[in-house]
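Asker: Between the sequences and the hints, there should be enough to build the whole structure, so can you do that?
Just so you know, the protein sequences line up as chains A and B, in that order. One gets this note's numbering by counting positions in the first sequence from 1 and adding 110 to each. One gets this note's numbering by counting positions in the second sequence from 1 and adding 4 to each.
Don't take every hint at face value.
[Unchecked claim] Here are the in silico distance ranges between beta carbons for each label pair:
id	chain 1	residue 1	chain 2	residue 2	range
1	A	468	B	71	57 to 65 angstroms
2	A	182	B	64	30 to 38 angstroms
3	B	71	A	308	41 to 49 angstroms
4	A	367	B	77	35 to 43 angstroms
5	A	219	B	79	34 to 42 angstroms
6	B	101	A	294	50 to 58 angstroms
7	A	273	B	77	54 to 62 angstroms
These are computed hints drawn from the structure, not numbers from a lab. Backbone N, C-alpha and C fix where the C-beta goes; we use that ideal spot for every residue, glycine too.
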Amino acid sequence: MTITERAPARSLQQPAPPAVVGRLVDRFEQGLDAPICLTWELTYACNLACVHCLSSSGRRDPRELSTAECKAVIDEFERMQIFYINIGGGEPTIRGDFWELVEYATDHHVGVKFSTNGSRITDEVALRLAGSDYVDVQISLDGATASVNDAVRGAGSYDTAVTAMERMARAGFVGFKLSVVVTRHNVDQLDAFKALADRYGAQLRLTRLRPSGRGADVWDELHPTSDQQHQLYRWLLDHGEDVLTGDSFFHLAGYGESLPGLNLCGAGRVVCLVDPVGDVYACPFAIHDEFLAGNVRSPGGFTEVWRHSDLFTELRRPQSAGACGSCGHYDSCRGGCMAAKFFTGLPLDGPDPECVLGHGEHALAGRGGTPVPKPSLDHSKPSRPVAVAMGPVHRALPATPSRPPDRPCDESPLAASGLGS
Amino acid sequence: MPPRLAPADPVTFDGARAWTLHPQVSLRPESFGALAYHFGTRRLSFLKSRTLLAVVESLAEQPTGHDACRAAGVPPEEWSRYERALDTLAESGMICPREAS
Numbered sequence: 111m112t113i114t115e116r117a118p119a120r121s122l123q124q125p126a127p128p129a130v131v132g133r134l135v136d137r138f139e140q141g142l143d144a145p146i147c148l149t150w151e152l153t154y155a156c157n158l159a160c161v162h163c164l165s166s167s168g169r170r171d172p173r174e175l176s177t178a179e180c181k182a183v184i185d186e187f188e189r190m191q192i193f194y195i196n197i198g199g200g201e202p203t204i205r206g207d208f209w210e211l212v213e214y215a216t217d218h219h220v221g222v223k224f225s226t227n228g229s230r231i232t233d234e235v236a237l238r239l240a241g242s243d244y245v246d247v248q249i250s251l252d253g254a255t256a257s258v259n260d261a262v263r264g265a266g267s268y269d270t271a272v273t274a275m276e277r278m279a280r281a282g283f284v285g286f287k288l289s290v291v292v293t294r295h296n297v298d299q300l301d302a303f304k305a306l307a308d309r310y311g312a313q314l315r316l317t318r319l320r321p322s323g324r325g326a327d328v329w330d331e332l333h334p335t336s337d338q339q340h341q342l343y344r345w346l347l348d349h350g351e352d353v354l355t356g357d358s359f360f361h362l363a364g365y366g367e368s369l370p371g372l373n374l375c376g377a378g379r380v381v382c383l384v385d386p387v388g389d390v391y392a393c394p395f396a397i398h399d400e401f402l403a404g405n406v407r408s409p410g411g412f413t414e415v416w417r418h419s420d421l422f423t424e425l426r427r428p429q430s431a432g433a434c435g436s437c438g439h440y441d442s443c444r445g446g447c448m449a450a451k452f453f454t455g456l457p458l459d460g461p462d463p464e465c466v467l468g469h470g471e472h473a474l475a476g477r478g479g480t481p482v483p484k485p486s487l488d489h490s491k492p493s494r495p496v497a498v499a500m501g502p503v504h505r506a507l508p509a510t511p512s513r514p515p516d517r518p519c520d521e522s523p524l525a526a527s528g529l530g531s
Numbered sequence: 005m006p007p008r009l010a011p012a013d014p015v016t017f018d019g020a021r022a023w024t025l026h027p028q029v030s031l032r033p034e035s036f037g038a039l040a041y042h043f044g045t046r047r048l049s050f051l052k053s054r055t056l057l058a059v060v061e062s063l064a065e066q067p068t069g070h071d072a073c074r075a076a077g078v079p080p081e082e083w084s085r086y087e088r089a090l091d092t093l094a095e096s097g098m099i100c101p102r103e104a105s
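Answerer: The following block contains the structure:
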């Protein structure tokens, strides 16, 4: 999420009286003509089986968009002047037409940042990437040591990612991203991650563990404790804009100081997700029918979904703070992450499960045996490795919220400003 | 794909000089003004008014920055506000000086 991740977003405090323009964040909450930051998951196929995968990826979906359909979607992005897209998956480089699509996008003035586990980054690929001004790369790693990483991402995945970073650095690609999901087990390694990124001329990007996809199964075990959240907050404040966050951690603003970036949940307003079969969701962390706005294959395509779908229209209306309305920190944290609430079975107009004031913990304790919603789709391979010590999974019947989400969240739209979170 | 270019050195806006939008920058008009995205620095900026957008869009065709303000209908007493915004854009490489034509 984020927008320009290389540098923070700047708003020009300029012209036009407030009565006419108002606060920029308010304008964003009312939606834009086109997303600022769009995530496109190209395939559900993946050679890894990370225990916290947001999209429950593993196997390709037979309904995935064809090459021609993908190009038509890119044409639409160009017409809408979407500056760049974040491509993910699954492992997007697995698609046979991946490089063709990247080239097609950049030839059509749509910049690309793609996320990869590094398995397809050969020396030749790294050289080609280093030569492009319109492609950025994000390599995922969830431990600064092989033991911590591989417990989450699978055996050998640490070596694969580090080898890819070596190749990128050797090819002269400066400023690619090292992307880390912060967990209970790696939160003590933040300095080590930073050193690792520095060693390869990369920029560190930290994001929040969400209870989405398979992440729901491991969230109880892996999400940072409240002490660790504070530790993370202090670390982020110390490192400022050197470290990207995709605006992932705006729920931590409740501690007092705002973190760099625009503290805003952009779901359906400035960000959205297109999944491999063309379904458009409000944000990358909300693959569930409740947050499904439409499909790019329907008449009017993506543009129609973005501009006129019922869900996105609703999300752009003023939202209620609900149970958080009387809290003095609401203006900072905005009630936290919609997806985190939804997939932990909490009401959407109440506190985030990781509310820094502890309201989330109380709410979680009060759930009792209430079932939490399951993802609508699961492309996990039949026997996926379970490397993390996980407790029993208490997921059963899907629960359907009675009303649309109040505060969808996003991968951090503008937050850090640059290309994407 | 074009080669990765180093971002231009930051410069200070001078309204008496000729300016242009950086060739790697795209502008997208929005109801509040516009979004500007620099593909070289991967930096996003927000232009918070349509008038500022009009100024930026006319830079390349006008002999000087001040002429661009005038062409966009900005009264001289407001130029200083716009110059501050243009200075921020110049500093981040979104606009750059050009040879006067």
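Asker: If a hint holds in the structure, say so; if it does not, say that too.
Answerer: Here is what the structure says about each hint:
Distance hint check for residue 468/A and residue 71/B: the Cβ-Cβ separation is about 59 angstroms, which falls inside the suggested range of 57 to 65 angstroms. For the pair residue 182/A and residue 64/B, the beta carbons lie near 33 angstroms from each other, so the given range of 30 to 38 angstroms is met. Take residue 71/B and residue 308/A: their Cβ atoms lie about 46 angstroms apart, and the range 41 to 49 angstroms holds. For residue 367/A paired with residue 77/B, a C-beta distance near 41 angstroms keeps the hint of 35 to 43 angstroms intact.
Taken as a hint, the range 34 to 42 angstroms holds for the pair residue 219/A and residue 79/B, whose Cβ atoms sit roughly 35 angstroms apart. At roughly 52 angstroms, the beta-carbon separation of residue 101/B and residue 294/A lies within the given 50 to 58 angstroms, and the hint holds. Checked against the hint of 54 to 62 angstroms, the pair residue 273/A and residue 77/B passes, with Cβ atoms roughly 57 angstroms apart.
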